[in-house]
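Chemist: In case you want the letters, here they are:
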Amino acid sequence: MSTVQDVSTAPVVAAVPKKAMALGPLASLIILALLIVTPLFVKNFIIFQMTMWLIYAIAVLALNILTGASGQFSLGQSAFYALGAYTSAILMEHVGVNYALTLPVAGLVCFIAGFLFGLPALRLSGIYLALATFALAVAMPQLLKLGVFEHWTGGVQGLVVTKPDAPEILASLGLKVSQDMWLYFFTLAVTILIYIFSVNLLKSRSGRAMMAIRDNEIAASAMGVDVSLYKTLAFGVSAGITGVAGGLGAIAVQFVAPDGYTIQLAIALFLGVVVGGVGWLPGSLAGAAFIVFVPNIAEHISKGLSGAVFGVILIIIIFLLPNGARQLAYLAQGLIGKLRKH
Amino acid sequence: MELFTNQVLAGIATGAIYACMALAVVMIYQAIDHLNFAQGEMAMFSTFIAWQLMQWGIPYWGAFALTLIFSFVGGIVIERALFKPLAKAPVLTHVAGFIALFAIINSVAGLTWDFTIKQFPSPFGSSPFLGSQLISTHQAGMIGVTLILLVLLFIFFRYTRVGLAMRAAATLPESARLVGINTSWMIALGWGMAAAIGSIAGMLIAPVVFLEPNMMGGVLIYGFAAAVVGGLTSPLGAVIGGFLVGVFENLVGTYIPGVGNELKLPIALALIITVLVVKPNGLFGRTIVKRV
Chain V
41 MSTVQDVSTA PVVAAVPKKA MALGPLASLI ILALLIVTPL FVKNFIIFQM
91 TMWLIYAIAV LALNILTGAS GQFSLGQSAF YALGAYTSAI LMEHVGVNYA
141 LTLPVAGLVC FIAGFLFGLP ALRLSGIYLA LATFALAVAM PQLLKLGVFE
191 HWTGGVQGLV VTKPDAPEIL ASLGLKVSQD MWLYFFTLAV TILIYIFSVN
241 LLKSRSGRAM MAIRDNEIAA SAMGVDVSLY KTLAFGVSAG ITGVAGGLGA
291 IAVQFVAPDG YTIQLAIALF LGVVVGGVGW LPGSLAGAAF IVFVPNIAEH
341 ISKGLSGAVF GVILIIIIFL LPNGARQLAY LAQGLIGKLR KH
Chain B
22 MELFTNQVLA GIATGAIYAC MALAVVMIYQ AIDHLNFAQG EMAMFSTFIA
72 WQLMQWGIPY WGAFALTLIF SFVGGIVIER ALFKPLAKAP VLTHVAGFIA
122 LFAIINSVAG LTWDFTIKQF PSPFGSSPFL GSQLISTHQA GMIGVTLILL
172 VLLFIFFRYT RVGLAMRAAA TLPESARLVG INTSWMIALG WGMAAAIGSI
222 AGMLIAPVVF LEPNMMGGVL IYGFAAAVVG GLTSPLGAVI GGFLVGVFEN
272 LVGTYIPGVG NELKLPIALA LIITVLVVKP NGLFGRTIVK RV
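Sequences listed follow chains V and B, in order.
Going by this note's numbering, the first residue of the first sequence is number 41, and it counts up by one from there.
Going by this note's numbering, the first residue of the second sequence is number 22, and it counts up by one from there.
The hints are simulated quantities; they were obtained by calculation from the structure and are not laboratory data.
Just a few of them, taken from the derived set where beta-carbon distance is under 8 Å, the chain V residues facing chain B:
no.	residue
1	T107
2	A172
3	A175
4	G344
5	F359
By construction, the Cβ of each residue, glycine as well, lies at the ideal position given by its N, Cα and C atoms.
Sequences and hints are given; from them, build the entire structure.
Modeler: Okay, here's the thing in structure tokens:
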């Protein structure tokens, strides 16, 4: 018994026009200025939290490229995040590579891993792909604990990573930059690079090909788009960027251990995409803010029921703003437009 | 050879747990076309209700029946309140909704009944079944209940008006609506039935894994694995898949050196991926032809 199903009836994500995927230049500059100025006025702990926020924003952005642009699901991003974190940590602690140089390696390793994982994932779509990646995320901590790799990974105990100092050239210029502050600006620079790369990727031929696949796979292949190539490429790029985020995360937290990269991390990243708005890259910042700060707020409201409070906040958001922060931005844009006319 | 038979038997016994859970997973997949990630938590919550009722002095079967009714109504209420308004939202939003539901149920259960492990009684006792040390009467009873459920579901979907209407609503919603089926309520009914089946699974599993708010985490993953192996569209496949996963897990743990308990879970997951890649519709699933 076979059933015919119309592909177009169940889109994985609502189609997002290409232009809508990034912010205009003015808004971008304002956000950038805020990101540069704020840490100068806050305590070190808050700077650390902001660093983690940017790192998660990179990871959410990576998932957003996969889901928002190519229309593929993943609940397994924590596996690539872990892989990147371990690559950086091992290179720094066992090989003695400079922390900044470990990031491209982490990205490359994860790109290859993601590309390879994308090959079997090609045959899956929607919920099946979610399941397969979910399986990957659940298996990852177990694999990291394996005795075979213990010499490198430190087994259950994990690895301690040294925190990098600000380069001496800054001190000789008379600028006192704390480790946290330096790490924040380093992370910010990486974030900006990755953001520019992603925006340009989506504007390019490859980005258009991915979006064509998202909107209608069969039609895209009929128009000559190499579906399998671009689908795996999206997986690879997304995993690679996640790996860079993972490496940065390892440096910022100064510690990697298998239990830091459970399925909960993958779920958090996924929620970040939904809250930030699927397919809207700047939304990654909003989504990351949600996963970094909302659990704290929930904990604050009620200790025993923090999970329930978190769930309720999430439900409120998906009810009021099914398209996440993107919808909020559009509303704001509409308001400003109206004000200008008057 | 004896080791082999023993391991297969033990595998079937654990497989019954997975089969039960897989049945609930397939049930809801039939109705709404999504995998409910909060299914395990819903089943856990129902089991706690049953436990609470028994603490208040209601006999087992009374509590069992009340829990079934509670779960059925609860499932419908969740669908009406939470997921009906989201019916037109993209799949991603639904998954986020399931995760929210998961967090809420887990947290509320933890606060109400705390995280200590509780004993849950079994109606079948726990003496050896037919003199075999490997399979207890409870496990035999569990297999029996799973099979009875399967037959009931088969009859329901094949020979009753409501069952047929539900199938129609799930396969071709538009056409079903045109012949006068209230598809929206069919989905709610699917939620209710899935919640009820989940509660049966929970009450059968609880005597084995003990009752606590996180008891379903592992079981649900195996339930997914079983449902995928059997094909997400076939209740029979889900049950067979459950037994297969149980036996497979046990045999791999016994015969492949170095696997042990640590790697059992990754192996179940590798099984999901392998089946998905080789035969995406599972062993018994129907093929869905896509057109533009």
